[in-house]
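Participant: So the protein lines, in turn, are chains A and B. The first sequence finishes on residue 209 if you use our numbering, and the numbering steps up by one all the way, no holes. The second sequence finishes on residue 181 if you use our numbering, and the numbering steps up by one all the way, no holes.
Since the hints were made in silico from the structure, they are not lab data. Note that this is a predicted model, so its numbers are computed, not measured. Where is the CB? At the ideal position from N, CA and C, for every residue including glycine. Where hints are given, some of them may not hold.
Only pairs whose alpha carbons sit at most 20 Å apart, straight line, appear in this in silico EDC-like list of lysine to aspartate or glutamate [said to hold, decoys possible]:
1. A/Lys143 x B/Asp67
2. B/Lys163 x B/Asp150
3. A/Lys143 x B/Asp150
4. A/Lys179 x B/Asp67
5. B/Lys70 x A/Asp138
6. B/Lys124 x B/Asp148
7. B/Lys124 x B/Glu112
8. B/Lys124 x A/Asp138
These stretches of chain B come out as covered by chain A in the derived footprint (C-beta under 8 Å, 3 or more residues) [unchecked claim]:
9. 65 to 76
10. 103 to 112
11. 148 to 156
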Amino acid sequence: MVNRTVVGAHYGLRDWLAQRVTAVVMAVSTFLFLAALAGMPSFDYPQWKALWGGSLIRVATMLFLLCLLVHAWVGMRNIFMDYVKPTGLRLTLHAVVILTLVGYAVWSVRILWSV
Amino acid sequence: MSKPRPKHLDLTKIRFPVTAIVSGMHRISGTVLFLFIPLLLWLLQQSLATPESFEAFRSAVSSPLLKLVLLGLLWAYLHHLCAGIRHLALDLDCGTDIGPARATSKAVLIVSIGLTLVAGAMLW
């Protein structure tokens with residue numbers, strides 16, 4: 095192959111699969127979280143804090159958020175690949191999204207484990 | 058023999074079938090949700106940090122502007138979820154014929170808007 099340009103070659107299937115696996119995890123977590131919300135006797139601070147006190151909900155939420163970040167990365171990258179033609183700008187946007195998402199991951203841990 | 062057809066991909070001139078509208082909205086809703094991740098994380102943080110920040114969180118989310126934003130995000134989430142479930146079915150070769158594909162596209166639009174209105178009525 096000659097004249098290769100920077101495109102999304104070789105990792106298509108892996109990302110396609112990652113997008114679907116993370117989507118299923120998030121969909122299931124969404125229904126579980128709604129069930130947990132519905133089970134709250136009242137919505138006040140002690141109840142709300144108690145809901146987030148268990149390790150199960152923290153780990154489950156962290157799993158949801160990590161799936162969200164992977165999912166958002168694949169989705170945003172696909173959109174940039176489709177609409178942003180200048181390579182330099184596109185790769186810059188990719189880098190910004192990656193750094194932002196890593197930042198959100200750190201922030202999420204801080205939020206969940208400082209309860 | 059060949060009919061003269063317009064050959065372009067000008068998004069402002071193409072007529073979008075319902076399947077294309079749902080597909081485009083999947084992208085738009087995903088982008089909107091990505092852009093609003095920090096607001097949602099911040100709200101979660103405020104709601105959990107201290108009793109005072111919880112009260113601040115409650116009054117913030119009861120302001121009409123933020124309520125409208127959150128309702129818009131809920132719609133984006135529901136649309137993305139419903140269209141995503143439809144996508145998984147398409148991946149499994151379910152509903153790939155044109156008739157079912159159109160029907161499920163309409164169902165995605167109706168279910169996500171309907172659920173948003175129900176949630177809006179409950180929360181308002």
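Participant: Sort out which numbered hints this structure fails and list those numbers smallest first.
Facilitator: When the structure is compared with the hints, numbers 1, 3, 5, 6, 9, 11 turn out to be violated.
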